[in-house]
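*Asks:* Please model the entire structure based on the sequences and the hints provided.
In the working numbering, the protein residues as written are 1 to 365.
In short, the hints are calculated from the structure, not lab data. Hints are supplied without guarantee of correctness; some may be wrong.
What the hints assert, rightly or not - Label pairs and their calculated CB-CB ranges:
hint: 1; residue 1: Met306; residue 2: Asp185; range: 30 to 36 Å
hint: 2; residue 1: Thr245; residue 2: Asp185; range: 39 to 45 Å
hint: 3; residue 1: Thr203; residue 2: Met306; range: 23 to 29 Å
In this text, a Cβ means the ideal position worked out from N, Cα and C, and glycines have one as well.
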Amino acid sequence: MTNFSENNSENENVLAINPTKLSESERELLGDFLDGDDDPEVFFKDKNYPFDESVIKLSKEISWRLSKDKESQCFEVIGKRVGNGNYGFIDKVKGKLFFKDAELVYMPVHQKPNKARIRKEIPRKKHVSENQWRRDVNKEYRRTKQAGHLFIRKPVFFQDDGNLRAYLFMRKMPGQTLEQVLKGDLDEKTRLAICLSILQAYTQQVKARNLVHNDISPRNIMVDLSDPHNPRCFFIDFAFAKKQTTNDAMKFPIKGTALYIAPERFEGKGSSTKSDVFSLGHILAQVMGEKPPSFNTAEPFYQRAMKGEFDSELIHLNNQQVKKQIQAMLNPNPGERALINEVSATISTALKEDGLDLQVAALTK
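*Replies:* And the structure:
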């Protein structure tokens with residue numbers, strides 16, 4: 001990566017460049033700058049990069065990646081941060097810079113909205129060895145690629161002031177997180193339609209891909225309500241996912257969102273599709289009005305999971321058969337939990353009885 005300095009003498013010519021709005025001279029200069037870097041990774045905004053007789057200062061951060069042909073290169077222009085978690089950060093992508101006929105070209109995301117992208121940045125935590133951290137990042141890449149619908153690109157590893165970081169680009173799913181959607185005013189039919197779409201999305205994007213997600217939560221499900229009667233759902237964040245055949249029994253610490261972790265995982269018995277079903281049970285319950293508790297330690301979550309009960313009344317659900325099936329997903333015994341296809345069939349029947357012959361929209365592939 002090109003070295004930069006924040007303090008430059010007054011005689012240096014600092015050129016402020018907005019990579020999304022380039023004049024002809026800026027296009028040529030920035031193209032030479034990007035093409036001439038032997039080790040491109042991240043070019044930060046508001047940093048000074050010495051180049052030729054001047055200094056370049058970018059108004060937007062730029063991240064390098066290989067193009068789809070795996071030979072040419074392109075540079076993603078980073079937008080605002082939209083996610084901030086314990087394991088990484090999510091940034092929107094405004095567009096990309098690439099070379100066409102030796103000339104630098106900028107293409108904003110809105111020209112191809114169905115291919116909007118995000119960047120996930122993953123810093124290495126001090127208590128995690130570099131080798132383990134790299135394995136974890138590469139594992140997340142492989143599992144996300146296995147899921148298929150996020151069209152993830154290979155991770156790029158880099159150093160920022162001596163701190164190791166990595167980033168991955170992937171497709172931005174349409175809509176909002178389920179957590180955001182549930183803050184809205186939704187009728188019972190829409191809620192049931194969302195439940196059915198969640199189950200179908202899990203079947204296609206996780207189970208059929210021979211994966212166990214292991215971190216199903218309202219923040220990790222995207223919901224597109226462009227058509228409320230035909231919502232589309234997408235699972236995201238496969239950081240803790242595993243192959244169905246992988247034995248993760250007695251592996252601690254247990255990773256995931258405690259509120260949705262099945263009791264057998266707390267006991268060290270490992271995860272499976274059935275433990276995902278438990279998570280989905282509480283997800284569907286929350287869609288239908290369940291109010292989850294908040295605990296400060298893991299023990300109350302385990303005791304709660306062993307009860308196999310809802311945390312509160314499902315205030316938006318009147319159909320008792322659907323309620324019975326969702327509660328069966330919470331059975332403490334994995335072998336006695338309801339099957340996803342059974343729950344889906346019950347919800348589909350309820351929707352038809354209510355006069356809504358739901359045709360779930362085809363999922364993006």
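*Asks:* Each of the hints needs a verdict: does it hold here or not?
*Replies:* Structure-based check of each hint:
no.	hint	result
1	Met306 <-> Asp185: 30 to 36 Å	34 Å, holds
2	Thr245 <-> Asp185: 39 to 45 Å	43 Å, holds
3	Thr203 <-> Met306: 23 to 29 Å	27 Å, holds
Checked against the numbered hints above, the structure breaks none of them.
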